[in-house]
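Q: Below, each chain spelled out in residue letters.
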Amino acid sequence: MSAVLPAQADAATKRVDHLTVADMVEPGSRVLDVGCGDGALLQLLAERRNVDGRGIELSQAGVNECVASGLSVIQGDADTDLVAYPDDVFDYVILSQTLQATVAPRTVLEHMLRIGRRAIVSFPNFGHWRIRAHLAFRGRMPVTEALASAWYDTPNIHFCTIRDFVNLVEVINARMETAVALDQAGRPVRVNAPWWFWNIFGEQAVFLLRRK
Amino acid sequence: MASRTVMRPLRLSEVDHPSSLVMRFGLDEPLPLDCGVELAPFQIAYQTYGELNAQRSNAVLVCHALTGDQHVASRHPVTGTKGWWETMIGPGRPIDTNRFFVICSNVLGACMGTTGPASTNPATGKPWGLDFPMVTIRDMVRAQAKLIERLGIDSLFCVLGGSMGGMQVLQWAASYPERVFSALPIATAAKYSAQNIAFHEVGRQAVMADPDWRGGRYIEAGTRPGKGLGVARMAAHITYLSEQALHRKFGRNLQNREAPTFSFDADFQVESYLRHQGMSFVERFDANSYLYVTRAMDYFDLAADYGGVLANAFQDSKTRFCVVSFTSDWLFPTSDSRATVHALNATGGSVSFVEIATDRGHDAFLLDVPELFATTGGFIDAAARARKLPQAKVAEAKVPEAKLPEAKLPATSGVADRETPHLPQGMPEQAR
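Here the protein sequences line up with chains R and G, keeping their order. In this text, residue positions in the first sequence follow our numbering: the first is 1, and each later residue adds one. In this text, residue positions in the second sequence follow our numbering: the first is 1, and each later residue adds one.
Just so you know, the hints here were simulated from the structure itself, not pulled from any lab data. There's no promise every hint is true.
[Claimed, not checked] Distance ranges between label pairs, derived from CB positions:
1) R/T154 - G/R385: 32 to 42 Å
2) G/H17 - R/D52: 46 to 56 Å
3) G/G251 - R/E26: 56 to 66 Å
4) R/V191 - G/G308: 30 to 40 Å
5) R/D77 - G/R248: 40 to 50 Å
6) R/T154 - G/E258: 45 to 55 Å
7) G/Q391 - R/D52: 43 to 53 Å
8) G/R150 - R/V103: 35 to 45 Å
9) R/N173 - G/R248: 49 to 59 Å
10) R/D87 - G/A235: 43 to 53 Å
11) R/T154 - G/Q244: 29 to 39 Å
12) G/V309 - R/D52: 14 to 24 Å
13) R/E26 - G/I238: 51 to 61 Å
14) R/D77 - G/G152: 55 to 65 Å
Note that beta-carbon positions come from the ideal geometry of N, C-alpha and C, so glycine has one too.
Please take these sequences and the hints and turn them into a complete structure.
A: This is the structure we're talking about:
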């Protein structure tokens with residue numbers, strides 16, 4: 001397993017996790033972005049990687065924005081709609097900051113690796129030291145800048161840590177090709193750091209997976 | 001030469017000699033129909049709006065619904081009402097006639113100038129009646145393709161339509177993928193459901209049970225099966241609305257009275273409204289056409305023509321699709337649209353899909369629903385960029401704001417907004 005460096009130069013204007021994802025995608029490939037929001041990542045991938053992109057988005061406002069900017073996006077839900085896609089139609093299926101909001105993360109991940117040859121997953125790390133500290137010292141569910149909702153109205157129902165995710169990857173028998181942890185400033189955590197270090201100092205993580 | 005033996009009422013004045021444009025196809029250009037008959041001669045009545053550009057790349061074909069016609073953005077010659085889709089089509093509208101050359105033709109089997117059962121059968125000099133061959137959605141599209149060819153257009157920038165119009169859109173995309181750059185099927189399905197066939201059958205039986213139908217020969221008899229056709233329309237009209245919309249607008253309110261009359265008079269507003277819908281419909285539509293066109297919808301099952309697999313209908317299609325459904329549409333529920341989307345996904349096609357939240361039922365596609373215009377406008381503009389067509393001028397853009405909640409909009413049309421149900425204003429009643 002190796003780590004890649006995100007294109008730091010664009011960090012001021014683009015989301016670092018998006019740039020990290022873009023670095024993982026081979027130019028000219030077919031991509032499905034699950035939970036594509038306003039289509040920013042798909043746009044970036046089209047510009048930088050010349051991908052043939054598709055999206056799924058839950059909110060009508062998000063879909064409208066995507067459609068208006070020329071993207072092919074369907075209104076739908078990761079939990080219910082991935083099942084309708086045939087095997088192997090995409091090179092990459094991306095789940096950007098959405099895993100924790102799915103009802104059945106394992107099933108979603110398995111579908112992603114069925115539909116696409118590779119899956120790219122980015123998620124907030126619930127094992128980050130701030131979150132641990134919040135829970136340890138205040139005794140309450142953490143509310144941070146990255147995870148801004150209170151427990152009772154958050155869409156995020158399945159938080160996990162980086163270690164938890166690595167465990168899930170083993171459970172579903174997938175292979176990790178690349179993993180990147182980003183700290184609070186969006187910088188990659190030291191490449192050679194051990195997992196426990198990533199799991200404490202990575203605020204979010206981006207994984208590139210493939211079928212075994 | 002055939003001599004005309006009967007005076008035709010107003011609703012039939014458009015049948016052989018429509019006041020719109022007409023394209024005539026002679027005996028040397030028969031139209032092969034799915035039922036095996038070769039129809040010749042035949043004619044297609046159509047309207048156009050806007051100008052075809054030099055590259056002939058900006059043509060948009062609008063496909064109309066069950067009882068619609070070619071008068072999509074201009075005054076109806078029989079009823080005098082405005083075009084049935086002027087919210088969608090016109091200067092500065094999502095389908096901007098300043099930018100696009102818009103074509104809308106009357107479907108085969110209808111009664112506004114394209115050949116149908118009310119047209120004069122050249123072999124007998126009398127109306128075709130039930131001797132007219134059965135037509136299908138695919139036949140309608142074949143006829144349109146001949147018209148488009150005659151107009152010298154190789155490739156349509158967009159084909160769009162709602163309900164039965166959407167069925168034609170899907171058929172176009174399947175039959176002539178290389179001639180459809182973008183497709184916008186709205187509130188429609190790739191196959192007509194059992195429940196919907198059942199409703200159609202109720203309507204047809206109502207028509208045929210009317211003694212004035214005369215076995216389909218009512219034009220020669222000088223009668224018209226208005227009662228039967230009116231009942232058919234009333235039953236069908238319920239399917240175009242939603243329970244919520246009916247409740248919101250009519251509830252159990254009484255019509256111009258304080259108390260029930262203990263009779264079968266139209267005590268309730270909803271009854272009065274439906275009776276009006278039935279009565280006004282028979283003034284403008286031919287009963288036999290209603291039989292034929294509803295039958296064409298019943299027979300529609302696009303997948304059946306492609307080995308039962310809908311995805312095969314769109315194999316290798318380069319067309320850009322935008323599929324739209326409405327939450328409260330129970331005639332063509334969202335699950336129907338999703339089936340189309342899934343088929344397109346399976347082929348790796350370019351497809352967008354939006355389910356618009358509204359309580360206005362199937363009718364929503366004809367009404368002032370800002371989210372519909374935002375979606376279609378965005379899709380059309382993006383497709384126009386991809387086709388290198390000129391962009392909309394900002395000053396002309398009159399697409400309504402997307403994010404206004406529907407309830408706050410000044411509602412000007414549709415069943416939702418009527419105070420006097422027996423006198424509807426601005427209802428796009430000739431469209432479905």
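Q: Now tell me if each hint is right for this structure.
A: Against the structure, the hints:
In this structure the hint that R/T154 and G/R385 lie 32 to 42 Å apart at CB holds, the actual value being about 38 Å. The beta-carbon spacing between G/H17 and R/D52, approximately 51 Å, falls within the hinted interval of 46 to 56 Å. A C-beta distance of roughly 60 Å is found between G/G251 and R/E26, which places it inside the suggested range of 56 to 66 Å. One distance hint, 30 to 40 Å for the beta-carbon pair R/V191 and G/G308, is violated here, with the actual separation near 53 Å.
Remark: the range hint 40 to 50 Å for R/D77 to G/R248 is contradicted by a beta-carbon distance near 28 Å. Between R/T154 and G/E258 the beta carbons are some 54 Å apart, a value that agrees with the proposed interval 45 to 55 Å. Against the hinted window of 43 to 53 Å, the Cβ-Cβ separation of G/Q391 and R/D52 comes to about 24 Å, which falls outside the hint. Hint check: G/R150 to R/V103, Cβ distance near 54 Å, so the stated range 35 to 45 Å is violated.
Distance hint check: the CB atoms of R/N173 and G/R248 are about 53 Å apart, consistent with the given range 49 to 59 Å. As the Cβ distance of R/D87 to G/A235 is approximately 45 Å, the hint placing it in 43 to 53 Å holds. A beta carbon spacing of about 31 Å between R/T154 and G/Q244 agrees with the range 29 to 39 Å that was offered as a hint. Look at G/V309 against R/D52: about 23 Å separates their beta carbons, and that is inside 14 to 24 Å.
For R/E26 and G/I238, the hinted distance range of 51 to 61 Å is satisfied, since their beta carbons lie about 54 Å from each other. A hinted range of 55 to 65 Å is violated for the C-beta pair R/D77 and G/G152, which are about 45 Å apart.
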